[in-house]
Structure formats: structure tokens, C-alpha cells
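J.: Model the full assembly from the supplied sequences, consistent with the hints where possible.
Letter by letter, the chains look like this.
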Amino acid sequence: MSLRIVVCVKYVPDATGDRHFAEDLTVDRDDVDGLLSELDEYAVEQALQIKEAADDEAEITVLTVGPDDAKDALRKALSMGADKAVHVEDDDLHGTDVMGTSLVLAKAIEKTGYDLVIAGMASTDGTMGVLPAILAERLGVPQVTLLSEVSVDGGVVKGRRDGDTASEQLEASLPAVVSVTDQSGEARYPSFKGIMAAKKKPVASLDLDDLDIDAEEVGLEGSWTKVDSAAERPARTAGTIVKDEGEGGKQLAEFLAGQKFI
Amino acid sequence: MAEVLVYVDHVDGAVRKPTLELLTLARRIGEPVAVALGAGAEATAATLAEHGAVKVLTADAPEFADYLVVPKVDALQAAYDAVSPAAVLVPSSAEGKEIAARLAVRIKSGIITDAIDLESGDEGPVATQSVFAAAFTTKSRITNGTPVITVKPNSAPVEAAPAAGAVEALAVSFSEQATGTKVTARTPRESTGRPELTEAAIVVSGGRGVNGAENFAIIEALADSLGAAVGASRAAVDAGWYPHSNQVGQTGKSVSPQLYIASGISGAIQHRAGMQTSKTIVAVNKDAEAPIFDLVDYGVVGDLFEVVPQLTDEVKSRKG
Numbered sequence: 001m002s003l004r005i006v007v008c009v010k011y012v013p014d015a016t017g018d019r020h021f022a023e024d025l026t027v028d029r030d031d032v033d034g035l036l037s038e039l040d041e042y043a044v045e046q047a048l049q050i051k052e053a054a055d056d057e058a059e060i061t062v063l064t065v066g067p068d069d070a071k072d073a074l075r076k077a078l079s080m081g082a083d084k085a086v087h088v089e090d091d092d093l094h095g096t097d098v099m100g101t102s103l104v105l106a107k108a109i110e111k112t113g114y115d116l117v118i119a120g121m122a123s124t125d126g127t128m129g130v131l132p133a134i135l136a137e138r139l140g141v142p143q144v145t146l147l148s149e150v151s152v153d154g155g156v157v158k159g160r161r162d163g164d165t166a167s168e169q170l171e172a173s174l175p176a177v178v179s180v181t182d183q184s185g186e187a188r189y190p191s192f193k194g195i196m197a198a199k200k201k202p203v204a205s206l207d208l209d210d211l212d213i214d215a216e217e218v219g220l221e222g223s224w225t226k227v228d229s230a231a232e233r234p235a236r237t238a239g240t241i242v243k244d245e246g247e248g249g250k251q252l253a254e255f256l257a258g259q260k261f262i
Numbered sequence: 001m002a003e004v005l006v007y008v009d010h011v012d013g014a015v016r017k018p019t020l021e022l023l024t025l026a027r028r029i030g031e032p033v034a035v036a037l038g039a040g041a042e043a044t045a046a047t048l049a050e051h052g053a054v055k056v057l058t059a060d061a062p063e064f065a066d067y068l069v070v071p072k073v074d075a076l077q078a079a080y081d082a083v084s085p086a087a088v089l090v091p092s093s094a095e096g097k098e099i100a101a102r103l104a105v106r107i108k109s110g111i112i113t114d115a116i117d118l119e120s121g122d123e124g125p126v127a128t129q130s131v132f133a134a135a136f137t138t139k140s141r142i143t144n145g146t147p148v149i150t151v152k153p154n155s156a157p158v159e160a161a162p163a164a165g166a167v168e169a170l171a172v173s174f175s176e177q178a179t180g181t182k183v184t185a186r187t188p189r190e191s192t193g194r195p196e197l198t199e200a201a202i203v204v205s206g207g208r209g210v211n212g213a214e215n216f217a218i219i220e221a222l223a224d225s226l227g228a229a230v231g232a233s234r235a236a237v238d239a240g241w242y243p244h245s246n247q248v249g250q251t252g253k254s255v256s257p258q259l260y261i262a263s264g265i266s267g268a269i270q271h272r273a274g275m276q277t278s279k280t281i282v283a284v285n286k287d288a289e290a291p292i293f294d295l296v297d298y299g300v301v302g303d304l305f306e307v308v309p310q311l312t313d314e315v316k317s318r319k320g
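Protein sequences appear in the order of chains W and U. First residue of the first sequence: 1, per UniProt numbering; consecutive thereafter. First residue of the second sequence: 1, per UniProt numbering; consecutive thereafter.
Do not take every clue at face value.
List of simulated lysine-lysine pairs, DSBU-like, C-alpha gap at most 30 Å [said to hold, decoys possible]:
hint, chain 1, residue 1, chain 2, residue 2
1, W, K243, U, K279
2, U, K316, W, K260
3, U, K182, W, K107
4, W, K250, U, K316
5, U, K286, W, K243
FRET-style restraints, in silico, Cβ to Cβ [stated by the list, open to error]:
hint, chain 1, residue 1, chain 2, residue 2, range
6, U, R186, W, G154, 22 to 28 Å
7, U, E168, W, D72, 52 to 58 Å
8, W, A166, U, E214, 25 to 31 Å
9, W, V242, U, D238, 29 to 35 Å
10, U, S120, W, R233, 22 to 28 Å
What the simulated footprint calls covered on chain U by chain W, stretch by stretch (three residues with Cβ under 8 Å from a Cβ of chain W suffice, anywhere in the stretch; the number is not a length) [what the hints assert, rightly or not]:
hint, stretch
11, 84-96
12, 124-137
13, 181-191
No lab work stands behind these hints: they were computed from the structure. Quick reminder that beta carbons are idealized off the backbone N, C-alpha and C, glycines included.
T.: The structure is reproduced here in C-alpha cells:
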């Protein structure tokens, strides 16, 4: 039996760019380049490794919700080696919060069919880190999240979760939702062959109608959270910078003592 | 006055500091009712009462330790059903966020994560968040359902505010999903004797400039002289010089201490995302052009192998 893997990815504004808010207090996506969230590359990588361990008896579908540009994120994942892509795109999705996005993803995952859902530990823009757990709740399947090691064998997913106070070995039967950390393994670079092959791979497009979701359930109006204000942090007043000429440590101690840290 | 559920993070009955901070914030919006689960739950009651919990709901069952997250969601939902609170507050740990998020789905509520402040507003609690690597501060609220909010460590002072703290057993019936993810083994993290990174008042971090695992002893010595936690940049962690559990940054932990000392760290945006809300920032780096110097209150351009040990000696002698 072939293993159906769905990898959820997000197209995010480049963190090294100058990110800010649009007038409606959603993330301004026009003024900064977007890319596949770095943390999602680890999810794609683990999907590829699971497929390789299954002697290619697996199919990887990469899924995203986002504007037209988000296709770039799908292309990147396809060029790494994913088999096909699903793009949920709808004007009514603008400003959707995590609850709405997770609803759309859950419906798209169910429509696609899955044995295993893999996601990154968090997006690099919203950085909430809750989407995988919400997907598991919505889909009614086990969550095996924040894994630094993952493997699938005989319909069972196993992994290691390194928490604050303990490292845990986890185990669940498929279907399941997995999320992986940046410790799970370096993501591969797409090869030239991979980039060329990606151009021919199918990208299916879905809208809200296809998923039986009402426009009122998503978008800015359908969000259950509201941002009332966003203020740019005032520039820090320039600090004191000294060059060490043999007394740098002592000068620093003096500063710390003045601030009552010593 | 409205009741506010506060999820208790504790280790065998010892309440962790972020929960006590949550009680301070909870009192701004109502009367805190604490929910403590698992082994040692009842032992948390005295501390929680001292910090303002009017009631402590406790439950223990093997499920809490043997399965991941969902049993705790079931219990928090039972508490929610019993209390009908005005808000639910949970510490922003990795697990705390997952518990809060699943509860929010179940009770059809919006969720805000990683708040750094919380106040009472006309339309419910208003949460302050720091976003885009701390370049912006937003104020948000939840418009549907009972607000579920997770709060970052070091977001509020710990204040004594004695309250009744009456212990009540919470009846929990576990859902079908509760036993879905088995914890087959658990290895407790070895204690370093240092404060937990995300909770520490002072964090001393090392980066690429530390140039080797063995050299982290210099960073640790400074940390110990100040009673601080030790952090590391991604470069240092990826090089294998320090454990990932100590990584500060976008893909590691986000810290917000009173004092952050960066040594041999250039200050890439990914690192800044994890430490920029620190109250006072100090850096030692031999590259005068390093972006970290844009953030500092005090910076020393110099060799960390000279500056840091000198600082450590000075701290020790001043502390006597």
C-alpha cells in the first residue's frame, strides 16, 4: 500500500527583509519578497526521507494556502522532490487567522487523502507553532509534534520530542499529524534536474467552493482574533560602544554595576 | 468578578515561575482559578494560593504522563466546562501552546499566543505581542468565544496576593483521542544547576566567535558569576558546541530577560528574533561592524577571550 504524505508549507515574507503591516493591519506582502518558510523545508526533507525509506512506495503532496505568489513555495518543494502540489487560493482568504487557515488546510487534506501530514514546527512569520496541533484536533488523528527525529514503519510513526524538561520517545498509529524541528536534518538543495522536473509536476488549484467553506468562516471578517494596533518599535537609543584596550571587561562590569546587575 | 482559568506548569508539584507571572496578569482581568494536572498537582496549591488563586482544580491520572498533550486538553476542557471562565491563560511553552490551541478549537474560540502583556479592555482582554523580530508591537483581542491566550515568560512580575486557593478535585473523562500518541520513553534533561533559559533574569550567550565547544566554559563561567542561564546562537549549536535546547533565536527559544549578554554573536536577524525584547542588551564582539552593536545598550569591541574572563573576575570580586 502506498503511503500518502501531505506536507503543509507556508509562503512567508523574507525575515531578512523589512517586514511591516498593511493598512488593514494584515502582513504587507507587497513590499517584501516571499519564500518557502525555512522551517517548512525541514518538513519537506523528512517527507522525502520517509518516502526513500519506504522504497518510494509513497507519494508526497505539498499543500499551501495563500495568494498567487505562494506557488513559489510549492515550486521549491516540488524541486526538492515532492510529487505534486495543491494550492488553495481565494480572494476571500485575505487576512485569515490560524483558526481559519487550519480549517482550510484540514478540508484540503481530507479532500487530497492522507496517511501522514507533516508540517514545520512553526511558520517563520507568525511563529505561533500551534497549527500542527490544531490540524490533529480538527482531523481527529494523533499529533506527533516537535520531532527532532522521525520514522515511519508498518503504519506506525515514531519520533523523538526534545522538551524543556525531558526528551520523549513518541509513537502513534497512522493516520497522524507530525511536525518536525530544525534539528530533524538539514534540508536538501534542489538539483538542476529537480528544478526542471518540478516544472512538469501537477499543481492543483482549489478555492473555498471546492472545499465547501463559506467566505464568512475565513478572511479578516471571519477571524476570531483582531489586531487593533501595530506600532513600530521606537529605534533604540544608540548604546555606548567602547573599544577594548585592556580594560574592556572592567568597563563592562562598571556598566553592569551601574545598572544594578552586579 | 469573572473567573479566569490559569493552566499550571509544574514539575512534580513545584510551580514554574511563568505560571506565577500568569497569576499576576490573570488578576487584572478576573479571579484566577488554577488548573494543575498530573503527579504532584495538589502540592502546587499552597504556592498558587499565595499568588492569588482563589481555587485550585486538580486531577491526576496515568494518562497525563503516558500520552502526549490530549489528556491535558481533556482536563482543561473539563475545567472550562465547570467554571465557564472569562478567559483561559496558559504559559507559552511548546506544550502549553499546543494545549491552548486544541482547547480553542474545541470551545470555538480565537487564540493569541506569546503575549508579552495583558490588560483588561472594554471588549475583553487586550494582549500585547512583539512581532517581526520585535520590530513591531501589536495589541490584539479575541472576537469569538472565550479568549484563550498564551503568555511568554518574564512578561509580568511575580506578586504575592494571598487568596483562598481551595483545592477541588476535577473530574475528567478522557476523549477517544487521549490515548492516540503514546510516550514510550522519557529521559529527563540533566539539570545544569543554572536557571531555565526562557525564565532566567539574565542570559549569557555565545556564538560563532566562541570557536569551539571547550571554549563555552568561558561563557558558562560568566553565567555562573551572574546566576544566569547560558544561551547559544544557531551557528554555535549547528557546529555542535552547545545543545539545541540552549539555542536562542527564531528556530530556538525566544528569551526576554532583564539582561542579555551576547559574546561572539554577530546578531543575524534569526538570532535577534529570539532576544530583541531583552530589557538591557550587552555585546562583546571583535567585529565593530557586527549588527548586534545596533541593538546594544553597552558594547565592547574586543576579543571575547580577553574581555569575558576579565568581566567574570570583576563580577566575582565585586560580589565578594
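J.: None of the hints should be skipped; say for each whether it holds.
T.: Consistency of the hints with the structure:
no.	hint	verdict
1	K243/W <-> K279/U	holds (23 Å)
2	K316/U <-> K260/W	holds (14 Å)
3	K182/U <-> K107/W	holds (26 Å)
4	K250/W <-> K316/U	holds (12 Å)
5	K286/U <-> K243/W	holds (9 Å)
6	R186/U <-> G154/W: 22 to 28 Å	holds (23 Å)
7	E168/U <-> D72/W: 52 to 58 Å	holds (54 Å)
8	A166/W <-> E214/U: 25 to 31 Å	holds (27 Å)
9	V242/W <-> D238/U: 29 to 35 Å	holds (31 Å)
10	S120/U <-> R233/W: 22 to 28 Å	holds (24 Å)
11	84-96	holds (count 3)
12	124-137	holds (count 9)
13	181-191	holds (count 9)
When the structure is compared with the earlier hints, no violation turns up for any of them.
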